[in-house]
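Participant: All chains should be built: construct the whole structure from the sequences, respecting the hints.
Each chain is listed here by its residues.
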Amino acid sequence: MRSWLPVLRERRRYLAIEVEAEDRIRRTDLAAEIWNAQTSLLGDLGAARNRLRVISFDGRFGIIRYSHQRTEECRAVLATIHTIGGTRAAIRVRGISGTIKAATEKYIPQSTLQPDENVRRVDSGLVSGSVARVHGREIDLCPDDRKMTEGSGTRYVGLTSFDLCGEDTDADGTSDGL
Amino acid sequence: MKYYECNLHTLPDGSDSPSRMAVAAKKLGYSGIIISNHSTAGEAYGIDAAKLVGGIEVVCGIEILAADQRRLHARAASLRDRFDFLAVHGGDEKINRAACEDPNVDMLAHPHGGRSGIGVAAAKAARDNQVAICLDLGQMIKLRGGARVRWMEMVRRDIDLIEKFGIGLMISTGSRSHLDLRSPRELVALAALLGVERKRAVEALALPGSIVDLNLRRWASVGVELL
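Listed in order, the protein sequences are those of chains U and P. Be aware that the first sequence starts at 41, since it is given in our numbering, and climbs by one per residue. Be aware that the second sequence starts at 5, since it is given in our numbering, and climbs by one per residue.
For the record, the hints were derived by calculation from the structure and aren't laboratory data. All values reported here derive from a predicted model rather than from experimental measurement. Some clues are possibly wrong.
To be verified - Some, not all, of what chain P presents toward chain U, calculated at C-beta under 10 angstroms:
id, residue
1, V27
2, K31
3, V192
To be verified - Not everything, but these chain P residues come out facing chain U in the computed CB check (under 8 angstroms):
id, residue
4, R186
5, S187
6, L194
7, L218
8, L220
What the hints assert, rightly or not - Listed next, the in silico DSSO-like pairs over lysine-lysine satisfying Cα-Cα at most 27 angstroms (straight line):
id, chain 1, residue 1, chain 2, residue 2
9, P, K203, P, K128
10, P, K128, U, K141
11, U, K146, P, K146
12, P, K98, P, K128
13, P, K6, U, K146
14, U, K146, P, K31
15, P, K31, P, K146
Backbone N, C-alpha and C fix where the C-beta goes; we use that ideal spot for every residue, glycine too.
Facilitator: Structure representation (C-alpha cells):
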C-alpha cells in the first residue's frame, strides 16, 4: 500500500461481531449484505464516510473495520441486517476496539482446548498440560490435573515464558519463549 | 437503567418460545421482556417455563387486535384485569385514534404500519389518557427502498408531534423470533437516525418497566392504592 503522511492518516476502529444465523454464512455474503445495507440506509455519501470493511470472518465471529467517530452509524447499519445470503441472521456487536489485536483478544473467544488434543505440550516437573492461549510472554495452560485450578476457580494455569525457558532475556516481548 | 423489550410475539404468534426470547434478550442486555401476543392468536405457549429463566423479568401482556373502535374499547375493558400490559395493534387511522382515547390502554403498537401516523387529535388524546406510543423499529430493519423512505417520513413527522405534546415514547422491534431482537444500544443508534435524541431513546427503552411496575400495584380506584 502506498505510504501516507502519518499525521493525515485517518483513524480507525474495529468492531468485533458475532453472527447469529440459521445456517452457515460465507464471508462474501456477509460483506455484500453489509455493503447493501449501508448504501440503502445512509446512501453513497454516508458509506464513503463510514469506510466499513470486513477484515476477517470465520463463519461466526468476525472483525469489521470502520472510520473512527462513526460508531453510531455503523451500529445502525449492522442492526438493519436481517438476512444474509437468503438465510435469516442477526449481527451482534460484541465490542469495539482500537486495534485488531485488542479486538480479537478481548471480544473473540479463543477455542477452548482439551488436554488430550494434540497441541503444544508443557511438561516441566510440577506443571504439565497443553497450551490454550499465548499472548506475548503470558501463557494460559490447560492443566492435565484439574485439581490445580480448584482453589482459584479458573480454568487455566497462568504461566509466562520465563517459567518455561529459565533465563530467557529477549526484551522485545514478541517471542512466546516456546 | 432497566431496559425492556415491550412488544414480543411468541408461539403461536411468533416462531420462538417465550423462554428462548428471554434467554436471547438477557444476552443482549435487557432486564425484562413483555410478551404481547395478538388477542386472536390463542393460548400462549410455555409462559411458565420463561419465568424460570433467571436474571430477566418476563411480563405477560396482550396486543388487542380489533376491527373497529367499539370492539376495541370493549376488549380493552374486559382484558384490563387479566394482563399486566395492554397494547393495541395500531396502523389503521381510526384504531390509532380510538386507542389513544382509551385510558385502559398502556401502549399503541406500530401506529405507523398503515398509510397515516397518529395525527394531532390522537396525539392530544394520548397525552390526556397517558397512552404511550411505540416506535416499531422492526419496520426500519425489514423494509428497504421506497417503502422505508415513506415509513421514515411518517415517523419523523410523528416524532416531532410526540416531542411537542410530551407523550410517552417506547421503542421496540416487534420481534417474532430471537433473530429479530436488537440490543438496546443498537436501537438507540437506529432511533438517533430518525431524530430521537439519545437521552430520550434511553428513557423510551426504560418506560415499559415503570408502567408494568405501576400496573402490578393494586389500585382500588384512580389514585387510590390497596396496601
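Participant: Determine for every hint whether it applies to the structure shown.
Facilitator: Going down the list of hints, with the structure as the test:
{"no.": "1", "hint": "V27", "verdict": "12 angstroms, violated"}
{"no.": "2", "hint": "K31", "verdict": "8 angstroms, holds"}
{"no.": "3", "hint": "V192", "verdict": "8 angstroms, holds"}
{"no.": "4", "hint": "R186", "verdict": "5 angstroms, holds"}
{"no.": "5", "hint": "S187", "verdict": "7 angstroms, holds"}
{"no.": "6", "hint": "L194", "verdict": "5 angstroms, holds"}
{"no.": "7", "hint": "L218", "verdict": "30 angstroms, violated"}
{"no.": "8", "hint": "L220", "verdict": "31 angstroms, violated"}
{"no.": "9", "hint": "K203/P to K128/P", "verdict": "23 angstroms, holds"}
{"no.": "10", "hint": "K128/P to K141/U", "verdict": "54 angstroms, violated"}
{"no.": "11", "hint": "K146/U to K146/P", "verdict": "31 angstroms, violated"}
{"no.": "12", "hint": "K98/P to K128/P", "verdict": "15 angstroms, holds"}
{"no.": "13", "hint": "K6/P to K146/U", "verdict": "26 angstroms, holds"}
{"no.": "14", "hint": "K146/U to K31/P", "verdict": "17 angstroms, holds"}
{"no.": "15", "hint": "K31/P to K146/P", "verdict": "22 angstroms, holds"}
Going down the numbered hints, you'll see the structure goes against 1, 7, 8, 10 and 11, while the others check out.
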